[in-house]
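Trainee: My request is simple: use the sequences and hints to build the entire structure.
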Amino acid sequence: QQQVKQSPQSLIVQKGGISIINCAYENTAFDYFPWYQQFPGKGPALLIAIRPDVSEKKEGRFTISFNKSAKQFSLHIMDSQPGDSATYFCAARKDDKIIFGKGTRLHILP
Amino acid sequence: GAGVSQTPSNKVTEKGKYVELRCDPISGHTALYWYRQSLGQGPEFLIYFQGTGAADDSGLPNDRFFAVRPEGSVSTLKIQRTERGDSAMYLCASSSANYNEQFFGPGTRLTVL
Numbered sequence: 001q002q003q004v005k006q007s008p009q010s011l012i013v014q015k016g017g018i019s020i021i022n023c024a025y026e027n028t029a030f031d032y033f034p035w036y037q038q039f040p041g042k043g044p045a046l047l048i049a050i051r052p053d054v055s056e057k058k059e060g061r062f063t064i065s066f067n068k069s070a071k072q073f074s075l076h077i078m079d080s081q082p083g084d085s086a087t088y089f090c091a092a093r094k095d096d097k098i099i100f101g102k103g104t105r106l107h108i109l110p
Numbered sequence: 111g112a113g114v115s116q117t118p119s120n121k122v123t124e125k126g127k128y129v130e131l132r133c134d135p136i137s138g139h140t141a142l143y144w145y146r147q148s149l150g151q152g153p154e155f156l157i158y159f160q161g162t163g164a165a166d167d168s169g170l171p172n173d174r175f176f177a178v179r180p181e182g183s184v185s186t187l188k189i190q191r192t193e194r195g196d197s198a199m200y201l202c203a204s205s206s207a208n209y210n211e212q213f214f215g216p217g218t219r220l221t222v223l
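Quick mapping for you: the protein sequence lines, in order, are chains A and B.
Start counting the first sequence at 1; every next residue gets the next number (our numbering).
Start counting the second sequence at 111; every next residue gets the next number (our numbering).
To be clear, the hints were calculated from the coordinates, so they are not data collected in a lab.
Where hints are given, some of them may not hold.
Simulated DEER-style distance windows between Cβ atoms [as the list claims (entries may be wrong)]:
#1 B:126 - A:53: 46 to 52 angstroms
#2 A:76 - B:190: 41 to 47 angstroms
#3 A:18 - B:120: 34 to 40 angstroms
#4 A:9 - B:190: 33 to 39 angstroms
#5 B:223 - A:40: 18 to 24 angstroms
#6 B:173 - A:45: 31 to 37 angstroms
#7 A:26 - B:149: 23 to 29 angstroms
#8 A:67 - B:113: 31 to 37 angstroms
#9 B:195 - A:76: 33 to 39 angstroms
#10 B:113 - A:76: 26 to 32 angstroms
#11 A:18 - B:221: 36 to 42 angstroms
Calculated pairs, PhoX-like style, for lysine-lysine (alpha carbon to alpha carbon, straight line, at most 25 angstroms) [what the hints assert, rightly or not]:
#12 A:57 - A:97
#13 B:188 - A:42
#14 A:42 - B:121
#15 A:58 - A:102
#16 B:188 - A:97
Per the computed footprint, the stretches of chain A lying under chain B, defined by three or more beta-carbons under 8 angstroms from a beta-carbon of chain B, are [as the list claims (entries may be wrong)]:
#17 37-46
#18 95-108
We treat Cβ as the ideally placed atom computed from N, Cα and C, and that holds for glycine.
Mentor: Below, the structure written as structure tokens:
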């Protein structure tokens with residue numbers, strides 16, 4: 001049973017455009033929802049995170065939108081740049097265990 | 111400061127052999143986590159240490175997998191009688207306390223022939 005469902009699997013966006021990645025979860029016990037960025041050959045790095053009592057969090061060009069009633073959350077990357085090309089994972093935490101989505105491979109066209 | 115380091119970066123072994131993967135957490139971090147990442151998938155939790163003890167080992171797939179952290183710092187993931195299905199990237203992460211941000215190492219890519 002996949003606890004965190006992520007889509008799309010891959011995404012191509014023009015430079016300067018908005019990249020949107022969506023995630024859904026089932027377990028209402030999750031208490032923290034981080035997004036990770038992973039470049040080839042590297043471990044995942046925390047990008048931005050949100051708690052379920054907040055509907056939106058913005059850090060620079062990155063915004064998380066959180067819909068608790070729908071059990072969905074999304075990452076928006078504004079003004080996408082070629083350097084943003086990476087794999088992005090949404091995740092959810094319960095009891096100090098992080099459950100990852102399957103990832104989205106993002107490619108920003110120059 | 112130095113981040114999480116993992117050695118070796120790559121390990122190729124034959125089916126049935128024993129392997130050890132090492133993780134050096136960020137100095138002073140009390141919590142340490144092991145994850146396994148298969149190609150095209152997200153990391154999957156294996157085991158979590160708080161200090162020297164395994165607080166949660168529910169993600170270990172079977173009894174061929176074992177991990178230790180004898181002095182509360184360096185950890186070793188041990189895999190006995192390796193199988194081809196064990197081929198994956200093994201990631202280690204550490205945090206300054208449980209429920210704090212986890213910092214990941216670069217991983218060890220294990221290939222079982």
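Trainee: So, for every hint listed, does it hold in this structure?
Mentor: So, going through the hints one by one against the coordinates:
For the pair residue 126 of chain B and residue 53 of chain A, the beta carbons lie near 51 angstroms from each other, so the given range of 46 to 52 angstroms is met. Taken as a hint, the range 41 to 47 angstroms holds for the pair residue 76 of chain A and residue 190 of chain B, whose Cβ atoms sit roughly 45 angstroms apart. A hinted range of 34 to 40 angstroms for the beta carbons of residue 18 of chain A and residue 120 of chain B is consistent with their spacing of about 37 angstroms. Checked against the given bound of 33 to 39 angstroms, the beta carbons of residue 9 of chain A and residue 190 of chain B, roughly 34 angstroms apart, stay inside it.
Checked against the hint of 18 to 24 angstroms, the pair residue 223 of chain B and residue 40 of chain A passes, with Cβ atoms roughly 23 angstroms apart. A C-beta distance of roughly 33 angstroms is found between residue 173 of chain B and residue 45 of chain A, which places it inside the suggested range of 31 to 37 angstroms. Checked against the hint of 23 to 29 angstroms, the C-beta distance between residue 26 of chain A and residue 149 of chain B comes to roughly 25 angstroms, which is consistent with it. At roughly 34 angstroms, the beta-carbon separation of residue 67 of chain A and residue 113 of chain B lies within the given 31 to 37 angstroms, and the hint holds.
With their beta carbons about 37 angstroms apart, residue 195 of chain B and residue 76 of chain A fall inside the hinted range of 33 to 39 angstroms. Judged by the Cβ atoms, the range 26 to 32 angstroms given for residue 113 of chain B and residue 76 of chain A holds: they are separated by roughly 28 angstroms. Hint check: residue 18 of chain A to residue 221 of chain B, Cβ distance near 38 angstroms, so the stated range 36 to 42 angstroms holds. Taken as a hint, the residue 57 of chain A and residue 97 of chain A pair is honoured in the structure, with Cα atoms around 22 angstroms apart against an allowance of 25 angstroms.
With a C-alpha separation of about 22 angstroms, the suggested pairing of residue 188 of chain B with residue 42 of chain A holds against the 25 angstroms cut-off. Restraint check for residue 42 of chain A and residue 121 of chain B: the C-alpha separation of about 16 angstroms stays at or below 25 angstroms, so the hint holds. Pair hint residue 58 of chain A plus residue 102 of chain A holds up; C-alpha atoms about 23 angstroms apart against a cutoff of 25 angstroms. Under the criterion of a C-alpha separation no larger than 25 angstroms, the hint pairing residue 188 of chain B with residue 97 of chain A is consistent with the structure, at around 21 angstroms.
Requiring three or more residues with a Cβ within less than 8 angstroms of a Cβ of chain B, the coverage given for the stretch 37-46 of chain A holds, as 6 such residues are present. Under a criterion of three residues with beta carbons nearer than 8 angstroms to beta carbons of chain B, the stated coverage of the stretch 95-108 of chain A is upheld, 9 such residues being counted.
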